[in-house]
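**Student:** Below are the chains, spelled out letter by letter.
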Amino acid sequence: MSAFRTASGGRVDRARRLRFTFDGRAWEGLAGDTLASALLANGVHLVGRSFKYHRPRGILTAGAEEPNALVTVRRDAARETPNLKATQVELYDGLVAESQNRWPSLGFDVGRVNDLLSPLFPAGFYYKTFMWPRSAWARLYEPVIRRAAGLGRAPEAPDPDRYAQRHAHCDVLVVGAGPAGIAAARAAADAGACVILCDEQSEPGGALLDGAPAQIDGLAAGDWLARAVAALAADPKVRMLARTTAFGYFPHNHLGLVERCTDHIAAPAADSVRERLWQVRAREVVLAAGAIEQPLVFPGNDRPGVMLAGAARSYLKRYGVRAGTRAVLVTATDAAYQAALDLHAAGVAIAAIADLRPAAAGVWVEAARRAGIEVLAGAAIGGTRGGRRVSGVTISGRTIACDLVLMSGGYAPSVHLFSQSRGRLTWSDSMRCFVPSQSAERERSAGACRGVYGLAAALADGAAAGLAAARACGFTGIERGYAVAGESATHQAPGATPPAVADRGKAFVDFQNDVTIRDLVLAAQEGFRSIEHVKRYTTVGMATDQGKTSNLNALGLVAARLGKPVPDVGHTTFRMPYTPVTFGALAGAARGELFDPVRTTPMHEVAVARGAVFEDVGQWKRARYFPRAGEDMHAAVARECLAVRNACGVFDASTLGKIAVVGPDAAEFLNRLYVNDFAGLGVGRCRYGVLLREDGFVYDDGVIARLAADRFHVTTTTGGAARVLAMMEDYRQTEWPGLAVWLTSTTEQWAVIAVQGPLARRVIEPLAAGIDLAPSALPHMAVAHGRIAGAPAMLFRVSFTGELGYEINVPAARGVAVWEAVCAAGRAHGITPYGTETMHVLRAEKGYIIVGQETDGTAVPDDVGLAWAIGRKKPDFVGKRSIERAGIRRAGRKQLVGLRTRDPKIVLEEGAQLADRPGIPAPMKPVGHVTSSYASAVLGHSIALAMIAGGRARIGQTLFVRVPGGDVEAKVTIPVFYDPEGARLHA
Amino acid sequence: MIVGGGGHGLGTAYYLAAEHGLTNIAVVEKGWIGGGNTGRNTTIIRSNYLFDESIAIYEHALKLWEGLSQALNYNVMYSPRGVMMLAHSVHDTQMLKRIMHADRANGVDNEWLTPEEAKAYCPPLEIGTHLRYPVLGATLQRRGGTARHDAVAWGYARAADALGVDILENCEVTGIRRGAGGAVEALETTRGLIRTPRVGVVAAGNSSVVMGLAGVRLPLESFPLQALVSEPVKPVFPCVVMSNAIHAYISQSDKGELVIGAGTDAYNSYTQRGALHVDLHTLEAICELFPAFRRLRMLRNWGGIVDVTVDRSPIVGKTPVPGLYLNCGWGTGGFKATPGSAHVFAWTMAKDEPHPYAAPFSLERFRDGAMIDEAAAAGVSH
Ligand SMILES: Cc1cc2nc3c(=O)[nH]c(=O)nc-3n(C[C@H](O)[C@H](O)[C@H](O)COP(=O)(O)OP(=O)(O)OC[C@H]3O[C@@H](n4cnc5c(N)ncnc54)[C@H](O)[C@@H]3O)c2cc1C
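First to last, the protein sequences are chains W and A. Residue numbering for the first sequence follows this note's numbering, beginning at 2 and increasing consecutively. Residue numbering for the second sequence follows this note's numbering, beginning at -9 and increasing consecutively.
Simulated from the structure, these hints should not be mistaken for laboratory data. Among the clues, some could well be false.
[Stated by the list, open to error] Below, simulated SDA-like cross-link-like pairs (lysine to any residue); rule was C-alpha separation at most 20 angstroms, straight line:
(1) A:Lys224 x W:Arg75
(2) A:Lys224 x A:Asp99
(3) A:Lys245 x W:Ala469
(4) A:Lys245 x W:Phe126
(5) W:Lys926 x A:Lys224
(6) A:Lys224 x W:Leu141
(7) W:Lys129 x W:Val145
(8) A:Lys109 x W:Val609
(9) A:Lys245 x W:Glu533
(10) W:Lys895 x W:Ala938
(11) W:Lys507 x W:Phe126
(12) A:Lys341 x A:Pro187
(13) W:Lys881 x A:Leu153
(14) A:Lys53 x W:Glu533
(15) W:Lys507 x W:Ser392
(16) A:Lys245 x W:Ser119
(17) W:Lys129 x A:Leu153
(18) W:Lys895 x A:Lys224
(19) A:Lys245 x W:Ala149
(20) A:Lys224 x A:Arg168
(21) A:Lys224 x W:Ala78
(22) W:Lys895 x W:Ala950
(23) W:Lys565 x A:Trp22
[Stated by the list, open to error] So, partial list: chain W residues that the calculated Cβ filter (under 7 angstroms) puts toward chain A:
(24) Lys507
(25) Leu867
(26) Ala923
(27) Pro927
[To be verified] Quick look at which bits of chain A chain W covers, simulated, 3 or more residues with Cβ under 8 angstroms:
(28) 95 to 101
(29) 163 to 174
(30) 320 to 326
Ideal placement from N, C-alpha and C gives every residue a C-beta, glycine not left out.
All chains, full assembly: derive it from the sequences and hints.
**Tutor:** What follows is the structure, given as structure tokens:
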């Protein structure tokens, strides 16, 4: 056992020794240790280097507020986690940790030269330098600065670990399981409330884990704690979450908690969850998050071996570790005396207590003197000495040798979550810190996090808060007190004003970001008056500890410098997260297939079996083409296109959005919404509908069928299904609540099988029962009910190809069977399955637009040749007034036309820009752009659609398509390339 | 008088003094300068927009960025690290290529990368088919990049101050007084009345509120937009990557933090914080595209109020009130425009006539329907 470990005591398990390495060197610790306590037990104080000056740094704290002791923990190549606080890393057997931000080694770090050059690098130095010559910033200075930046290294391999997420509800959420939190949870649960109690540490207890010299209800504090925790654990209404940090407080008592499940385990099971995000909605919240000890600001306060007094006490009492052999305590409060007395009792020589208060006196001073410790009242601290470890401290001109400096500037309540909830803080003059005043949520703070210190007071405060929270939920609990005996005297714990110090050496305010008093003074000199500006200019409080040990000191210093009271300077905004949260926990299981739901059609597996190549269209997987052996996309699409044009093709159109619009006012509703006339649409007929936004621009399109007087089947684009339904609901609920109409999404209820081509009727005829397919009975744009291949069906005679076409709608579960039946019936006619790419070519040959491809949010119906769709006699429809505006009627708007390249083999790139003359150098103003472009197998040449300024007037003209390496000549045509009369459609 | 001490407002004051010889200029800011969206954004700079009008004004800004540190004698750390925009579908590819071709015609650099080239340019990027939405290609604007947001506000403020501009912090405009003819006469502020014949409102998320003081309603919606940073790590991320389709925007700061843009809340609000699920959605996308970053940790998160127009393009120009000028609607993507916007707005205010680059972005376009719909090009445009 190392010389720094005490013989007994603490919460470590002396029987379980754990091996670990730090920077490659092997050490031993005990179960229950953190990496920090294990290193200290081995006498290791130098654990890191600071951000800017690469100064050697040690362990300042014993908790989440640690700014210095950052390490990378490595399990394997893919499980490397940088920037962990050694004070929070629980030791396990075989743990491998490395220091950061040093090269080549922690002991000898070349970056240290920055410290010697520091007069060149005060706060904000980069704003005023490195600008000349102009090119040098990006080429020279910035790369150098960047290389120096950052702390640990980011992992390079994908993280294989699992993360989980849960939602939970409770009556009372208690954050922090110290005495106040435990009392609050107990009181609330006793009253009947459902309670969640979370704490970021490995076990509940808070300050009690450091061993309080007191009895509660007649038990030693430690025993009381064990009983209280056991009672809570046994209560089915209470959920206790250890290693769980409440990191964010969102509106309406919605809190984010993150639970670390396996980082403390030597060999987690392969399928275990590393971290779990809890989203808790609580009726009432009790914050019992404790207080954070603040450092003092004096020259050399950053040397390894300079530590917060409370942390040193925690290492001793909780971990059985003496942080040094000979210590000096520098304090501005009574609260730190206990640490000196405890260390003294454990055999650490206390060379002196330097009390910065001029009139230090009272029970604590007496107790120290009684123990034989020299107390220097009104001491002035000149600085520390030492290299990689402190070796002495200068007090009022006298140098005292030591290897440990304990410091305490008092405590600051942890008001982070309270402030995140938008509660109002108020400055307490007596305690010199901010405390909660007015809550914004159904929340109350208890114990040290609202400045109520001392065990008895914290227990009482917690019990009262827990009971009040339960009562606010409607429970009737009774008050219950705790009898505390033997508590050490006064426990007032003021936040400190940093003492004025001689301007010698570096006195650090923000340790990690290397912000000194001088930097703050400089910011004030530069004219920064707002604390937010000072923060941003000097980066104080912006390190990975987010200012937990620096903000209050910075504020005091700036206020003093500006000659203002602290509350007038204000405080910076507290933002989530309280401590850093793993991205993985926030992203949860969303990766690969689970990143976004995959939507497949009822016939998906059939397409897979036929070797289809799929494309992503929104969440849908759609078959793009069905290659045969040796075919590329081009060849497959050409074959599929010719099959449809010459015989028959079959296409899965199930992804089209479908909305059932039903009710006595259904026709009126659609009439108001779409540009078309729907009042006059007969039952059994279909119409191509165009939907505009309020501002007149095309929003969606699709065929709408009238199935009955009060029932319409609306189809939308695949991508538009959800937003069209949302728009309909919006109008139904807010604009026309008087209309009797109901909307139901039926997209996934129907399998849609499009059968298209001159032989389509012959394919379907033998399968149809109860439907007359004769053109006179079922003409183009008609719909009939009956059975297809035995399945109840709606049969639409519609076409997006320009050929005779049908779309068979059957219940989704019958899709595969009907598809197979269609294919079997069509075999004799050469039926060919085709995909979206062929669908696009066929529709482009006919000049049918795709909303979102031909249109882009600036096209009105006339621009894309759809003015004919507008119901002329209608008094109104959404967007009507907008399309009548002057700006919309002006000449020169982009219009849909066709393009034919002079070289029939050139397929233009979609998005290519057009000019009316060749060879115009950029910058120039294009006259339009190509929206769709394909090789047309049936026509034997390429085709393209384009949006061109004044396009319809340019038909017959030659334009020039700008492509890299020259212009391509193309002739403007009408946007219909195939069967312009539409004879095939009506076959 | 300029209302709003963000980059656009301070820049306007600077150019009014530096280029138009105006002498009696003040900026009023209700909080502290740069404390609005200027100091809250993810600092992505690019000019590869879709429509000619947008390209013109954003490219004007990009050219100014290139010399801004020297012009202001303050290092704004403009870093042309390249902005890559990913395509995940055929539709994305069509749209990004259209933007690329439009940019090139307008003389703005933009190029197409294959998935492998995209990965070579940004090694942490995953492109493979195990992704839910594999990367099918990307555009790259090499001159795009980032800058240091605070430095932009401070640099303009310092340079304007040197030219005699008064900058009044903690001074909120609470009323706009108009004379008998309707023209602006004075601003009422929390620090007293300020008489002035000419007011430029540059108040971003609060523009509707400020213009409401003069009785002008704006076609704007205000939403909280969030951003977050990771803990600092050694350089791993060489450029800016944006994926509009799956909502991920990421770069690495000079300090080593990964800077990540999230989305807007669905509901209008003036509270400078957003909902948790918006961040979760963003980090899902980041972790999907950059699975090695999963173990990194979110250090800080914040929100700003963005002023969004229906066509996702700004409003820069005159208003129906004589003497009152407006520069707003930059929404989720106006940091990049800061120097260009300030420059043309100063011109517009000084000459009482829209600068040619500003003219298409008039308030009247909403009345007339002459939209410049950049929403089509990007779900959210940073
Ligand atoms: C999270 C986030 C990420 C973003 N990311 C990007 C990005 O990557 N790239 C990009 O180009 N853009 C981005 N933006 C948008 C960009 O930040 C803004 O468009 C731009 O900074 C606006 O600048 P501004 O000067 O107009 O506004 P602001 O900086 O907001 O300035 C307006 C000022 O007006 C003040 N004000 C308001 N009302 C009053 C009043 N009554 N009296 C006095 N003063 C008043 C405000 O306090 C504020 O300081 C992002 C925005 C956010 C919120």
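**Student:** Confirm or reject each hint.
**Tutor:** The hints, checked one at a time:
no.: 1; hint: A:Lys224 x W:Arg75; verdict: holds, 16 angstroms
no.: 2; hint: A:Lys224 x A:Asp99; verdict: violated, 30 angstroms
no.: 3; hint: A:Lys245 x W:Ala469; verdict: violated, 46 angstroms
no.: 4; hint: A:Lys245 x W:Phe126; verdict: holds, 14 angstroms
no.: 5; hint: W:Lys926 x A:Lys224; verdict: violated, 44 angstroms
no.: 6; hint: A:Lys224 x W:Leu141; verdict: holds, 18 angstroms
no.: 7; hint: W:Lys129 x W:Val145; verdict: holds, 16 angstroms
no.: 8; hint: A:Lys109 x W:Val609; verdict: violated, 29 angstroms
no.: 9; hint: A:Lys245 x W:Glu533; verdict: holds, 18 angstroms
no.: 10; hint: W:Lys895 x W:Ala938; verdict: violated, 28 angstroms
no.: 11; hint: W:Lys507 x W:Phe126; verdict: holds, 17 angstroms
no.: 12; hint: A:Lys341 x A:Pro187; verdict: holds, 14 angstroms
no.: 13; hint: W:Lys881 x A:Leu153; verdict: violated, 52 angstroms
no.: 14; hint: A:Lys53 x W:Glu533; verdict: violated, 31 angstroms
no.: 15; hint: W:Lys507 x W:Ser392; verdict: holds, 17 angstroms
no.: 16; hint: A:Lys245 x W:Ser119; verdict: holds, 18 angstroms
no.: 17; hint: W:Lys129 x A:Leu153; verdict: holds, 18 angstroms
no.: 18; hint: W:Lys895 x A:Lys224; verdict: violated, 49 angstroms
no.: 19; hint: A:Lys245 x W:Ala149; verdict: holds, 8 angstroms
no.: 20; hint: A:Lys224 x A:Arg168; verdict: violated, 55 angstroms
no.: 21; hint: A:Lys224 x W:Ala78; verdict: holds, 17 angstroms
no.: 22; hint: W:Lys895 x W:Ala950; verdict: holds, 4 angstroms
no.: 23; hint: W:Lys565 x A:Trp22; verdict: holds, 17 angstroms
no.: 24; hint: Lys507; verdict: violated, 20 angstroms
no.: 25; hint: Leu867; verdict: violated, 17 angstroms
no.: 26; hint: Ala923; verdict: holds, 4 angstroms
no.: 27; hint: Pro927; verdict: holds, 5 angstroms
no.: 28; hint: 95 to 101; verdict: holds (count 4)
no.: 29; hint: 163 to 174; verdict: violated (count 0)
no.: 30; hint: 320 to 326; verdict: violated (count 0)
The structure shown violates the earlier hints numbered 2, 3, 5, 8, 10, 13, 14, 18, 20, 24, 25, 29, 30.
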